[in-house]
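Visitor: From first to last, the protein sequence lines stand for chains A and B. Going by our numbering, the letters in the first sequence line up with residues 752 to 1022, in that order. Going by our numbering, the letters in the second sequence line up with residues 16 to 102, in that order.
In case anyone wonders, no lab produced these hints; they're calculated from the structure. Glycine is no exception: its CB is placed at the ideal position from the N, C-alpha and C atoms.
Simulated crosslink set (BS3-like; lysine-lysine; CA at most 30 Å straight-line):
id	chain 1	residue 1	chain 2	residue 2
1	B	K73	A	K829
2	B	K77	A	K829
3	B	K73	A	K820
4	A	K913	A	K784
5	A	K820	A	K916
6	A	K861	A	K784
7	A	K861	A	K916
8	B	K54	B	K77
9	A	K820	B	K77
10	A	K845	B	K54
11	A	K855	B	K73
12	A	K861	B	K77
13	A	K829	A	K855
14	A	K784	B	K73
To spell it out: a stretch of chain B is covered by chain A in this simulated footprint if at least three of its residues, at any positions, have a beta carbon under 8 Å from a beta carbon of chain A; those stretches are:
id	stretch
15	27 to 35
16	72 to 80
Next come the chains, spelled out residue by residue.
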Amino acid sequence: MGKVIVVTSGKGGVGKTTSTAALGAALAQNGDKVVVVDFDVGLRNLDLVMGAERRVVYDLVNVIQGDAKLTQALIRDKRVETLYLLAASQTRDKDNLTPEGVEKVITALKAAFDWVICDSPAGIERGATLAMRHADVAIVVTNPEVSSVRDSDRIIGLLDSKTLKAENGEQIEKHLLLTRYDAARAERGDMLKVDDVLEILSIPLLGIIPESTDVLRASNVGAPVTLADGRSAPAMAYFDATRRLRGETLPITIPGEKRGLFGKIFGRKAA
Amino acid sequence: MNLFRLFSRSQSAPAARERLQVLLAHERASAGDSDLVVKLRDEILRAISKHMEIDSEKVSVKLERGVQVSTLVVDVEIPFDATRKAA
Ligand SMILES: Nc1ncnc2c1ncn2[C@@H]1O[C@H](COP(=O)(O)OP(=O)(O)OP(=O)(O)O)[C@@H](O)[C@H]1O
Ligand SMILES: [Mg+2]
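Turn these sequences into a full structure, and let the hints guide you.
Guide: Structure follows, in structure tokens:
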């Protein structure tokens, strides 16, 4: 039986879709069977980030409404053969996501995959609560910035009350993924410190992903950053996060703090 | 290593532009319910379902949208049924 992960944040544009694709690909690169599911009905983007936008035949709503079988809607990645995508519908609205339909789909996916990763839409409405509903693990994506931290706190509250696990009196496993971390801004003291965010939200840290043009390049060419350039800083941070997700304990490195003279000079200038 | 990677990389923006052009052309067409590929897909499947049960193990539908042309591949495994032939 596979594990269900929700990648969520409350606030929009913090890196949920980027992280879903990167973590999903990283898990699959290790041989695990992974499906990434786009819950952002009406504004799908995971297909673009995964580079599968030309191959979407059926979507989540088609499956829920019985227009297509689940196996027909799953799109297999062209690079990693254990990686699959279930796209969101672009043309229907989110009312087509019914709790019963979502439950059926997630139950079937759990039986067939090692990891089911749900990319949540922003907000705290129906789409977001349905995406987290069946999760065993939640990855709370946060930027080191006040409104993002506040929204993450709100989402943590929902995870502890609106998920199936919470309703059954169990604890949902929660991890913080700090993304778009800008080492140069941190050095100038203009960004919330990692420790500050951790203290405020008090959930364990899964990783710190640096702000990087490698992420932009990867989405331009339609590849998760862990596939586009496995040696880039954000990819390596995602690989580390993946290992922690598997239960390994690794020391956390704060981006930029290990830079040599070269990095320091250029880091300052680039800022 | 960093410098080498910086110079050895090609630009990614042209790829982004090309991907978006194809995608948006198709999305705009489908907004008016005139997406021919989807229409064909549905009608072909309806025709198949008149004669046999659509089982995802036996019917696979693949699609690839392109700049000039799209391809729709419907792969049907047709069971050999002797009794049906006689009827
Ligand atoms: N580490 C990073 N470095 C640089 N840019 C990033 C990074 N992570 C994400 N981005 C960029 O930020 C933007 C938003 O990212 P993404 O779409 O993953 O966020 P999201 O949380 O899924 O947004 P939404 O709430 O709209 O679904 C994208 O343009 C993405 O390329
Ligand atoms: Mg998103």
